[in-house]
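Knowing the structure of chain A, use the given hints to seat chain B on it.
Protein chains: 2
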Amino acid sequence: MELRTMILGHFLVVSLALNAGLLYRDYYNGKHKSQDVFSFNNECKNASLVTKRDAHVAKRAFLETNKAPSSKALSEIINLDHGDPTMYERYWQQMGDKTTVVIPGWKFISYFSDVRNLCWFLEPEFANAVIRLHKLVGNAVTEKPLYCGRTGSTQLFQAVLYAVSPPNASEPISVVSAAPFYSSYPLITEFLKSGLYKWAGDAHKFKKDQPYIELVTSPNNPDGLSREAVVNQNEGILIHDLAYYWPQYTSISSSPADHDIMLFTVSKSTGHAGTRLGWALVKDQEIAKKMTEFIVLSTIGVSKESQLRAAKILQVLSDTHEQKAHFRENEPFFDHSYNLMAKRWKQLRDAVRNSKLFSLPEFAHGKCAFSGRTFASQPAFAWLKCEGETEDCESFLRDHKILTRSGKHFGESTKYVRISVLPRDEVFDQFTERLSSITST
Amino acid sequence: MELRTMILGHFLVVSLALNAGLLYRDYYNGKHKSQDVFSFNNECKNASLVTKRDAHVAKRAFLETNKAPSSKALSEIINLDHGDPTMYERYWQQMGDKTTVVIPGWKFISYFSDVRNLCWFLEPEFANAVIRLHKLVGNAVTEKPLYCGRTGSTQLFQAVLYAVSPPNASEPISVVSAAPFYSSYPLITEFLKSGLYKWAGDAHKFKKDQPYIELVTSPNNPDGLSREAVVNQNEGILIHDLAYYWPQYTSISSSPADHDIMLFTVSKSTGHAGTRLGWALVKDQEIAKKMTEFIVLSTIGVSKESQLRAAKILQVLSDTHEQKAHFRENEPFFDHSYNLMAKRWKQLRDAVRNSKLFSLPEFAHGKCAFSGRTFASQPAFAWLKCEGETEDCESFLRDHKILTRSGKHFGESTKYVRISVLPRDEVFDQFTERLSSITST
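Sequence lines, in order, name chains A and B. Residues in the first sequence are numbered consecutively from 1, following full-length UniProt numbering. Residues in the second sequence are numbered consecutively from 1, following full-length UniProt numbering.
Heads up, a few of these hints could be off.
As the list makes no split between identical chains, a pair holds if one copy fits it or if it spans any two.
Said to hold, decoys possible - In silico EDC-like pairs for lysine to aspartate or glutamate, Cα to Cα no more than 16 Å straight-line:
| hint | residue 1 | residue 2 |
| --- | --- | --- |
| 1 | K107 | E89 |
| 2 | K193 | E171 |
| 3 | K107 | D97 |
| 4 | K401 | D429 |
| 5 | K367 | D429 |
| 6 | K343 | D425 |
| 7 | K312 | D260 |
| 8 | K408 | D392 |
| 9 | K107 | D319 |
| 10 | K135 | E391 |
| 11 | K408 | D202 |
| 12 | K98 | D319 |
| 13 | K385 | E362 |
Please keep in mind that the hints were generated in silico from the structure rather than gathered at the bench. Predicted model only: the values in this text are computed from it and were never measured.
Chain A with its partners taken away, still in its complex shape (with noise of 0.2 Å):
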């Protein structure tokens, strides 16, 4: 039954996550010397990637900041930069072996999953949870006359690239998304300098009469807010990341989202970044093949551990909600990381006002189809900005030992940063409480 039911719904194409923080930074030695790990040239102009670091040092910067610190080590650096969500692990501690997966050493042998599938890398299992969760959530169209592949989300948005842009153009075709837009799109567009795709930039300014791929992200990496396409001709094909679109984040509209294309990843709904799952509903079979046949080419498939376990991690989810009688004391994932969530955007709001040097977007309240609660969007990114004289909001933050990501990797302003509000508890109460304490610059 289910199999028919994918069958007859949307191409669900799985690969490994996009929407990661790509960039961490340290201090070293007390010094305030920048480390980038992974640093974007200033302009993205060939999207080059520069390493200057040193692993050691990097060690210590995560160390410090991610592993439940000392608060010695605390009054060092607070690492935000990157979206690591770690708050989550404390839920899926507490909710003990329900999620365990076990995987004897015999299975998964073959390439294989499913040939009865288009995408025959896809676990059914994991389909099936999926399905089902989209189904509860009501965040997404899967049932429709239409077909359903699977491959998986920064190589899911590859696969779909790949797979819209003409094969026989005589220029490569325009991808551009509205500005502020996620640092790692134009750097994902240009690394192999394809001929089939080129990064065209801020969408607003996009006004050549030829056709060109939208990148549509909604909620909105970094900024929280809800977006539609900008650029509004004939020829463009739209591509929708709604990695963020769960009900912790914003408000779920009472019609389930019903693009060509829909991106979603297992590290941004349930935290499992580790994990390297995402997954894509596409209405037509002929991109929904094009993309299996990236993800054949470039990594033959997608690990079946991963989908084994995300499948285990998505079925508890829908379980903690539809069989509330066997999680008693467990809370139903949703309501618990709403909760969190409103509570740190609290705490984050406060430390803000307290300060009186930055400001934060103000989200329109929604009503929530989902849990029925009116509320304003809670993003896992603040996108923050420094009011007054300052310029350089990044420095300035990390002269107080907070290393966040600058908004000129987003194409915008280097007045703005990026804020993960998805680390560990510790980590993002030592922040708040640092941030309020900044009171002149």
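Quick look at chain B alone, frame taken from chain A:
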């Protein structure tokens, strides 16, 4: 200690694995209708993939040939086109729960595995298991006054191309490999129309006096021969794909391989193709860095679940040799798999002798420094030639319901086909029985 070894050792770059069979075909309704799920266009001119398929047909094909099918089903089609290493399933099944991995739901939330290392997404446990295995087998140098990185093997191959290609050259660097070469090389090199590198075909024919990348696969896929570089110029960059350099397939030399860039994969060493995991040993730190960049940009790291499971399997594999007392009921892995390959190649050569219509390559005997045995190679693929007047060996075998991959995809004559020697026992027995019975064109 192990970590220090790694930091002093080669860069170890881990990724998703190379060397799969991309094609599978089928018969439909008893008619000889070939269905390519992923078919290469004949000349690989532009490496575009043509998908002419029907999921239901493909399903039948796969189920019939791979799911321990009934003798009736076997009498229909035998699919040995792709190199799915299901032969290994039985060994790991007999191992019982010794290789079972248990992963709690709260583990591996973070993107990061080990920030002490240049390639922060490498699980130290996996890296240590890889190094231990290479030391046991003696097939590659892992200790040198060098470094240790990590990423994952289709992906690894692309990561290496990205890492060694000059970023600002006026034209793409040429990528060559001696024919017959692995059929995916031209496709993977060309499919994104990269401005960094381009496929330039058979290395024997490369005469240009300009920089180039030569892919050296040894033992070679498809023909199983040991290889060295053939283009002998100054400006060449060599990539050694050693996916099949394991003691079940060929004798291990007394001096471990010590090339600048060496690629390996779990798929063909232990048989865990579904895990999609490979690794690279890289001497040059800058190359390892750029490979890491590639993996970060294309998939933001590698599945933690895959690494954890592969670590467990590699550890137990080494244990079966080093702690034989604990494995009384289980033969050491490489002894078991050597014996199985020896049996299969004897069976295959007997069948070819009976039929009189085919020939196989002959391999010189060599003494294996690992096992002490003196033997001729017994590769994972058979490079079968149709003797006499049969020009299209793949079609000829297809008429006998044996699906193989034509020599044309490997830059060679259609008189050759590549046949997987790694299916389940039942399928291989049925195959040799049928081949043996083909005695007239």
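Outcome of the hint check:
In this homomeric assembly, K107 and E89 come within 16 Å of each other (Cα to Cα) only across copies, at 8 Å, whereas the closest approach inside a single copy is 27 Å. In the homo-oligomer, the alpha carbons of K193 and E171 lie at most 16 Å apart both inside one protomer (12 Å) and across protomers (11 Å), since each shortest distance falls under that limit. Proximity of K107 and D97 under a CA criterion of 16 Å is satisfied inter-copy only: 11 Å between copies versus 21 Å inside one chain copy. In this homomeric assembly, K401 and D429 come within 16 Å of each other (Cα to Cα) only inside a single copy, at 15 Å, whereas the closest approach across copies is 66 Å.
For a Cα distance limit of 16 Å, the shortest separation of K367 from D429 qualifies neither inside one copy, at 29 Å, nor across copies, at 64 Å. Taking the shortest alpha-carbon separations for K343 and D425, only the intra-copy value of 11 Å comes in at or below 16 Å, while the best inter-copy value is 59 Å. With identical chains, the CA atoms of K312 and D260 are never at most 16 Å apart, being 28 Å at best within one copy and 41 Å at best between copies. When the C-alpha separation of K408 and D392 is checked against a cutoff of 16 Å, the pair qualifies only within one copy, where the shortest distance is 10 Å, while the shortest distance between copies is 58 Å.
Taking CA atoms no more than 16 Å apart as the test, K107 paired with D319 passes in neither setting, with 26 Å inside one copy and 20 Å between copies. Neither within a single protomer nor between protomers do K135 and E391 lie at most 16 Å apart by alpha-carbon distance, with minima of 45 Å and 55 Å respectively. Taking CA atoms no more than 16 Å apart as the test, K408 paired with D202 passes inside one copy only; the shortest distance there is 12 Å, against 45 Å between copies. When the C-alpha separation of K98 and D319 is checked against a cutoff of 16 Å, the pair qualifies only within one copy, where the shortest distance is 11 Å, while the shortest distance between copies is 31 Å.
For a Cα distance limit of 16 Å, the shortest separation of K385 from E362 inside one copy, 12 Å, qualifies, whereas the shortest one across copies, 71 Å, does not.
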